[in-house]
Amino acid sequence: MGKLLFSACLACLAAASLQAQIRISGSVLDEKGEAIPGAAVTVDGMPGTGAATDLDGSYGFEIPQTGQNRIVLVASAVGYESQRRRISEPQGSYGEDFVLRESQELLETVVVTATRTPKPLKDVPIITRVISAEEIARADVVHIGELLETELPGLEFSYSMDQQVSLNMQGFGGNSVLFLVDGERMAGETLDNIDYNRLNLDNVERVEIVKGAASSLYGSNAIGGVVNIITREPAEPWSVSMNTRYSTLGQKVGSISAGFRAGRLSGLTNAQYVQSDSISLKNDGDYSKVYGSWNYNVKQQLVYRPLDRLKITGKAGYYFRQRDASPDVKDNYRDFSGSLKAEYDFAESDNLTLGYAFDQYDKSNYMVAGSRDVREYSNVQHNVRALYTHSFGKSDNLVFGGDFMRDYLMSYQFSDGAKAQYTGDLFAQLDWSPTDRLNFVSGLRFDYFSDRNLFHASPKLGVMYKISNCSVRASYAGGFRAPTLKEMYMNFNMANIFMIYGNPDLEAEESHNFSLSAEYMTRRHNLTLTGYWNLVDNRITTAWSDALKGQLYTNMAPLQVAGFDLNFSAAYDFGLKYRISYTFTHEKIEKGQPMTSSTRPHSATVKIEYGKDWRTYGFDIALTGRVMSAVTADVYTSLTDYSQTEKQTYPGYTMWKLSIAQRIWHGIRLNAIIDNLFNYVPDYYYNNSPATVGTTLSLGLSLDFNEIFNNR
Amino acid sequence: MKRLFFLTFLALLPSCNGIFHGIYDSGEGELITEYGFLEYNPTDNSGTIYIDATDYTKWIYLDFSERTAVTAGMSEEEAPAEWDIAVHRYDVKTNGAAALETGMTGLELFMSSGAMPEGDYVSDEWTTEQIIVDMSGMMDGNIGYSESWYNRELSKWLKVDTGTMPPVYSMSQKVYAVKLADGTHLALKLSNYMDATGVKGFMTIDYVYPVEF
Numbered sequence: 271m272g273k274l275l276f277s278a279c280l281a282c283l284a285a286a287s288l289q290a291q292i293r294i295s296g297s298v299l300d301e302k303g304e305a306i307p308g309a310a311v312t313v314d315g316m317p318g319t320g321a322a323t324d325l326d327g328s329y330g331f332e333i334p335q336t337g338q339n340r341i342v343l344v345a346s347a348v349g350y351e352s353q354r355r356r357i358s359e360p361q362g363s364y365g366e367d368f369v370l371r372e373s374q375e376l377l378e379t380v381v382v383t384a385t386r387t388p389k390p391l392k393d394v395p396i397i398t399r400v401i402s403a404e405e406i407a408r409a410d411v412v413h414i415g416e417l418l419e420t421e422l423p424g425l426e427f428s429y430s431m432d433q434q435v436s437l438n439m440q441g442f443g444g445n446s447v448l449f450l451v452d453g454e455r456m457a458g459e460t461l462d463n464i465d466y467n468r469l470n471l472d473n474v475e476r477v478e479i480v481k482g483a484a485s486s487l488y489g490s491n492a493i494g495g496v497v498n499i500i501t502r503e504p505a506e507p508w509s510v511s512m513n514t515r516y517s518t519l520g521q522k523v524g525s526i527s528a529g530f531r532a533g534r535l536s537g538l539t540n541a542q543y544v545q546s547d548s549i550s551l552k553n554d555g556d557y558s559k560v561y562g563s564w565n566y567n568v569k570q571q572l573v574y575r576p577l578d579r580l581k582i583t584g585k586a587g588y589y590f591r592q593r594d595a596s597p598d599v600k601d602n603y604r605d606f607s608g609s610l611k612a613e614y615d616f617a618e619s620d621n622l623t624l625g626y627a628f629d630q631y632d633k634s635n636y637m638v639a640g641s642r643d644v645r646e647y648s649n650v651q652h653n654v655r656a657l658y659t660h661s662f663g664k665s666d667n668l669v670f671g672g673d674f675m676r677d678y679l680m681s682y683q684f685s686d687g688a689k690a691q692y693t694g695d696l697f698a699q700l701d702w703s704p705t706d707r708l709n710f711v712s713g714l715r716f717d718y719f720s721d722r723n724l725f726h727a728s729p730k731l732g733v734m735y736k737i738s739n740c741s742v743r744a745s746y747a748g749g750f751r752a753p754t755l756k757e758m759y760m761n762f763n764m765a766n767i768f769m770i771y772g773n774p775d776l777e778a779e780e781s782h783n784f785s786l787s788a789e790y791m792t793r794r795h796n797l798t799l800t801g802y803w804n805l806v807d808n809r810i811t812t813a814w815s816d817a818l819k820g821q822l823y824t825n826m827a828p829l830q831v832a833g834f835d836l837n838f839s840a841a842y843d844f845g846l847k848y849r850i851s852y853t854f855t856h857e858k859i860e861k862g863q864p865m866t867s868s869t870r871p872h873s874a875t876v877k878i879e880y881g882k883d884w885r886t887y888g889f890d891i892a893l894t895g896r897v898m899s900a901v902t903a904d905v906y907t908s909l910t911d912y913s914q915t916e917k918q919t920y921p922g923y924t925m926w927k928l929s930i931a932q933r934i935w936h937g938i939r940l941n942a943i944i945d946n947l948f949n950y951v952p953d954y955y956y957n958n959s960p961a962t963v964g965t966t967l968s969l970g971l972s973l974d975f976n977e978i979f980n981n982r
Numbered sequence: 026m027k028r029l030f031f032l033t034f035l036a037l038l039p040s041c042n043g044i045f046h047g048i049y050d051s052g053e054g055e056l057i058t059e060y061g062f063l064e065y066n067p068t069d070n071s072g073t074i075y076i077d078a079t080d081y082t083k084w085i086y087l088d089f090s091e092r093t094a095v096t097a098g099m100s101e102e103e104a105p106a107e108w109d110i111a112v113h114r115y116d117v118k119t120n121g122a123a124a125l126e127t128g129m130t131g132l133e134l135f136m137s138s139g140a141m142p143e144g145d146y147v148s149d150e151w152t153t154e155q156i157i158v159d160m161s162g163m164m165d166g167n168i169g170y171s172e173s174w175y176n177r178e179l180s181k182w183l184k185v186d187t188g189t190m191p192p193v194y195s196m197s198q199k200v201y202a203v204k205l206a207d208g209t210h211l212a213l214k215l216s217n218y219m220d221a222t223g224v225k226g227f228m229t230i231d232y233v234y235p236v237e238f
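If you read the protein sequences in the order shown, they are chains A and B. Heads up, the first sequence is in my numbering, so the first residue is 271 and it goes up one at a time. Heads up, the second sequence is in my numbering, so the first residue is 26 and it goes up one at a time.
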């Protein structure tokens, strides 16, 4: 009797468990209809489930039914693009056949900047340029500016007054290109540019660059483009790595990173030290030597997953830089930052992110006589944000969110104390694909700035159509930049030469960006052509005011920036890769405006790379070049009158770099870089000439102890 | 673990206007508001002068025997009856004296050398394009100058390199030996050209007068 009862119970249990299974089977084929053996079909978020295909490409597996609203199947195979498919309210059996396309190298990279949701590069409705961790490691550069100049044409970091670094990205300055770290803004600026030295490239997963306006997602400052630096999260139980670099020009770099992953907690610590000696230039110029400096940067990141659906990320950082501009007074720059972010998956299709970020950027003068460090500038930003993502249909997403920020600025350029204002915004974006070939993205954002009681709406509309190996993208995007506290309240005596006055009546800068691009891609080749036109109104600059007998922040008349980018890249299985990028920029500014154009019309970058990897040795040789055309600018002959100009030609130049990266055994990497290969030395050092004194050699050694000890 | 995150969160909740104010020296609390011959030690005849030379249209006349500092306009007529050297911004002129830059960087070392150094003491020269009184036209190439006497040797105490914008300042850190018109000797050194907040034009001068070995 007992036996019978037991058997009955077993039968019931078996029946119950049978009922609670979802069966998925089908095949994975390539585009020619041939089977792909060994392809994996898995369920997203359920490790250990799924199956590999047999020789005939068929597969089948079961998963328990636990009342899921939806499951996402992922079919993937080496050399092919992965495919995802959603099944809503799954129950019973499903026949799911996949046809995979040959993968197109980098296009599988998942990016976030263009839509604020993770998307593979090939599906992103706005052209996004990605610089991968591998490319960063090979470039062996110290900070973001050097990396961007090497990888992208049309981008120039030059000097402005007081040898402060100033960006020009295809006609847009440092305050029109928004730099983000994991989507967070950065506090502080000097002459309209953030401190690029803060952005070191240790533990960077990738850098995403979106050109053109993006204020519908990012608000103020995203007029000319967005550069988003994405930090790596450790995947190994432990990792320790060290990096050192020495250049014949007297630059020394040392850094150490340590990471761990233990159950639900992972952490990453990084410290970097950079020292650059001053460089005496060889010829006459706007400046005669490059000031020496040193800095260190400490970053800590902790990720904790208390629940499967909840991820909490905490970050803290400290940065210090000292610049030797004068023997009596050293310029000190400091930054304190911290953030806390929680990401929660409500269901498979809904995600909420809440975050708080703090960033404080200080400038002080260290007076050698008396050893006194007196602060002259402090920008403190508190930022609270929320982002909600709802995904539906095959691959559609609805994103909405908002930010609230307190912006505090204390500056030696103010005469009546520190200023603070609140900014808030709300935004929404729909990313919708009615068919596999067609994708629409539309977004709208409202920004509010308390000081001026300023409201601004930024729209975006984009469409992408795919035909076989080609994609065509067209978009309109609004950009804007609110006048900053500095621009509204400055009251500064510029070395007794003139006063610079802020203007509380400034209008926000506004831009309309139209872009059209075509992309052709095969497994090995990628060709992209993008044309764009920007109308920029109310650009903020300083202009001479006869009434005030000084410089006054003013809105300029509308100006236009148009051009096109051409990019061709190829990668072959035998180890050769190359990329040629060219950009043409035309800036049209009306005569008589306080600012004239000095953007170089033509620029190009070239990269030819060859590498091989064996078990215990690998190498990669890369030749990178940067070609900048000359530009003739109309320069005003007077500070106070904008009628007389004279022609000033800034000569073009090319810079080439040869780098040899070697992997020795496991985890030992040796980099040798010959910069300025053809020994270019400017006849006269203009502010926009490269600050080079000729060919330099730098040697770098990096050790990855995890790889060394685990022999991988 | 939760506690750790909570503590991290608390640490990240700083005051609205920032954190770590204490790591800086507050300039304004330490501003010196008295000017002139501030310190004098009769045992070794040494002292310190602190003057406000921020005004482009003023000379500050220093009388070392009376230890007085008088601020006056640009013309010669406005000078007081008795003075030894005068300072305009970073420019120096003397009342018939001659000066020599020594290789020494400290007044104590200078005094222990035992004698006024030998060398070509430099007298004042008449200049028309040295003493700047109006910078406002600088960007248009119209700097306003005042015609004046000027001591090129003493003015080496601060080098202003205007080849870059803004100019780069560097003090010579040297002691200057000065033979005054009345036959007495003076030794001085510029020890600072900024106030506690870093504003330039506030000159701190260490001196020994009369120099008696």
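Keep in mind that the hints were calculated from the coordinates and are not lab data. Every value quoted in this text rests on a predicted model; they were computed, and no experiment measured them. A couple of the hints might just be wrong.
As the list claims (entries may be wrong) - Restricting the straight-line Cα-Cα distance to at most 27 Å, the calculated cross-link-like pairs of lysine-lysine (BS3-like) are:
1) B:184 <-> A:600
2) A:611 <-> A:552
3) A:552 <-> B:184
Said to hold, decoys possible - Listing some non-contacts, in silico: residues in chain A with all C-beta distances to chain B over 12 Å:
4) 415
5) 433
6) 552
7) 597
8) 645
9) 733
10) 879
11) 911
Just so you know, even glycine gets a beta-carbon here, dropped at the ideal spot from N, CA and C.
Comparing the hints with the structure gives:
Taking the CA atoms of residue 184 of chain B and residue 600 of chain A, the gap is about 17 Å. The hint holds against a cut of 27 Å. About 50 Å separates the Cα atoms of residue 611 of chain A and residue 552 of chain A, which puts this hinted pair outside 27 Å; it is violated. A threshold of 27 Å between alpha carbons decides the hint, and for residue 552 of chain A with residue 184 of chain B the separation of about 22 Å falls inside it, so the pair holds. For residue 415 of chain A, the condition that its CB be more than 12 Å from all CB atoms of chain B holds, with the nearest at approximately 21 Å.
With 12 Å as the threshold on Cβ separation, the claim that residue 433 of chain A sits away from chain B is violated: the shortest Cβ distance comes to roughly 7 Å. Chain B leaves residue 552 of chain A outside its interface by the beta-carbon criterion, the shortest separation being 15 Å against a cut-off of 12 Å. With a least beta-carbon separation of about 5 Å from chain B, residue 597 of chain A fails to lie farther than 12 Å from that chain, contradicting its non-interface assignment. Consistency note on residue 645 of chain A: stated as away from chain B, yet its beta-carbon is not over 12 Å from all of that chain's, at 4 Å minimum.
Remark: the non-interface label on residue 733 of chain A is consistent with the geometry, its nearest Cβ contact in chain B lying 41 Å away (cut-off 12 Å). Remark: the non-interface label on residue 879 of chain A is consistent with the geometry, its nearest Cβ contact in chain B lying 39 Å away (cut-off 12 Å). Non-interface status of residue 911 of chain A relative to chain B is broken: a Cβ of that chain comes within 12 Å, the nearest being about 8 Å off.
Hint compliance for this structure: hints 2, 5, 7, 8, 11 are not met, and every other hint is.
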